[in-house]
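Start from chain A and add chain B according to the hints.
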Amino acid sequence: MHNVIPRRPAVPIAHWRHFWRGITREERAAFLFVLPLMIPLLVYWIIPAVASLYYSFTNYSVLQPTRWIGLANFQRLVDDDLFWRSLWNSAYFTVGNIPLMMLAGLFLAMAVNSYVRFRNFFRVVFYLPLVTSTIALSMVWLWLFDPNFGLLNAALQIIGLPPMQWLQSTNQAMPSIILMSVWAGVGSPMLIYLAGLQGISESFYEAARVDGATGLQAFWYITLPLLRPVTIFIMVSSIISSFQIFGPIYAMTDGGPAFATTTLVHQIYINGFRYFSMGYAAAQAWTLFALLLGLSVINLRLMARGMEV
Amino acid sequence: MHSIADTTTLSTSVGAAQRPQLRVGSVLLLIAIYVLLSAAAISMLVPFLWMVFTSIKPNETIFQMPPVVWTTQYTVAHYVRALTRGNFDLYFLNSMIVASLVTLLNLFVNAMAAYAFARLRWRLRETLFMVVLAVMMLPGLIALIPTFLIVKATPFAGGNNWLGQGGTGWLDSYPGLIFPMVGSGFYVFLLRQFFLTLPAELEDAGRVDGAKEGTIFWRILLPLSKPVLAVVAIFSFQAAWNEFLWPLVIVQSDKMRTIQLGLTLFQSQNRIDWGVLMAGTTIATVPTVAIFLMAQRYFVQGIALTGIKG
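As you go down the protein sequences, you meet chains A and B in turn. Here our numbering is used: the first residue of the first sequence is 1, the next is one more, and so on. Here our numbering is used: the first residue of the second sequence is 310, the next is one more, and so on.
Looking at chain A on its own, in the form it has when it is part of the complex (with noise of 0.2 Å):
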């Protein structure tokens, strides 16, 4: 049982002067000890959020006048190339990232869940790259890619494959990222599936043993299913996160060649901070921010579907 403080009764507010007046020594000290949390929220998340739908509206930038454009930003968004391009180019990384991270991190946590030593040693190894700045990795990345002195091509030309061009080519640019995605990023679902794993009850695997069921079905009929709310809780924050990709785009590609990889976030922190139409910024922000809702509830309602069955 948790710890249910009882809700103080409700005072009638009569009156404003009455409100102050009955405010208790308690409640004088909790607005004390939230005060210095609310203020850089309010300050640089509330308001902020809310200006950043009003300058959605204007054309906003340092340099003139600031002027309410109504839908003009969004008629603008609509036809502007680059902005598709960005949205293809975050789909094709969220597409291509997702799938290959949540199987490998899947794979590894039932392989390290296994009756396999040196657990916490390969449990660190996954992690490593997550405590590690994005932009660190994507200069080790860029040095690994290097089509002429790098490791990658230097591992192709020892099995005898030709070398790749890799960040250079508009067509291996996003493949590329994806794959130092896939490697960075693969220790978070192998944690959180691997706590997952440990949940399921070992009286599962035994009732299905004695009923004669083999290791794959097992794993198809209780491990996935038990792992569901893990998979759709994985995807979801995944989805958040990836349609959101910045650093390496950055400092990897600064979104060539050939806009190959220019991304939503990317579009946004060029067009706020280097031609500074911050308005026009603003409304790309606000419509990654619907489209990234929009595809939040759609798979939390696939979760709740599958809840109920």
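Hints are supplied without guarantee of correctness; some may be wrong.
As the list claims (entries may be wrong) - Derived EDC-like pairs (lysine to aspartate or glutamate); straight-line CA-CA distance at most 20 Å: (1) 521/B / 81/A; (2) 564/B / 398/B; (3) 521/B / 27/A; (4) 535/B / 512/B.
The hints are simulated quantities; they were obtained by calculation from the structure and are not laboratory data.
Using the frame of chain A, we list chain B on its own:
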């Protein structure tokens, strides 16, 4: 009334003593698993090792194909250059100052609020808590541009008047780097959950003795909450150290650059000096990796129970 929570979420050690569930029938399968896991572990480590090797190899060996791993001429020249001509000592110091202060402020600000949300009785408590959680759901990107403008319009700073106009405010300054990173619904939530699991009797005893809320918080609650405070401190330091977009947006001068910004300078060079860049990358990697290796226990607890990557 006696009410002690059954599960202290954060003190459950995840997977440490659990028996493995997957029964591997044959030795062959186990060997296959070992081979695959080791291959995966090696591919995880190779980029890190390559980074370190490149940073200590002389330039002539860096650009040899096929690559040379072992050489007798390891050198610290790249580190010296990164720290002296590359200003990485300054960037490192800036990152250290920012990440440490963000962590310290985050501990206090979030723990205080979590205490009020978990332990005190006041009107608006549920409403404000929902607001804090809702803010956590907002992608940081939405607020990016107006936050930049608000930081720029900080009154009485950077040549601004009381209306926040005329100067650059907190742009390109430590407070501008630090304060917008303080306060997180995620940490408040984590701390509140932990505080809720502590028995109320402890505080009641304090109250009977006439202790005020501040004393109870400081003397009773915080000392009992070291594990969860460690989780918050580690996550917070790591997030602040690795933060990139916010410094990118507000830092303008070289003397305020964080180490992550310092690394991206190389990318614009025509011919990248890989030795120096990998030395800088190694320097940027060491603090968070070291903390991770020393405090893995807390990491695993925090990550597994919240499902949020650190």
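message: Hints numbered earlier in the text: which of these fail when held up against the supplied structure?
response: 1
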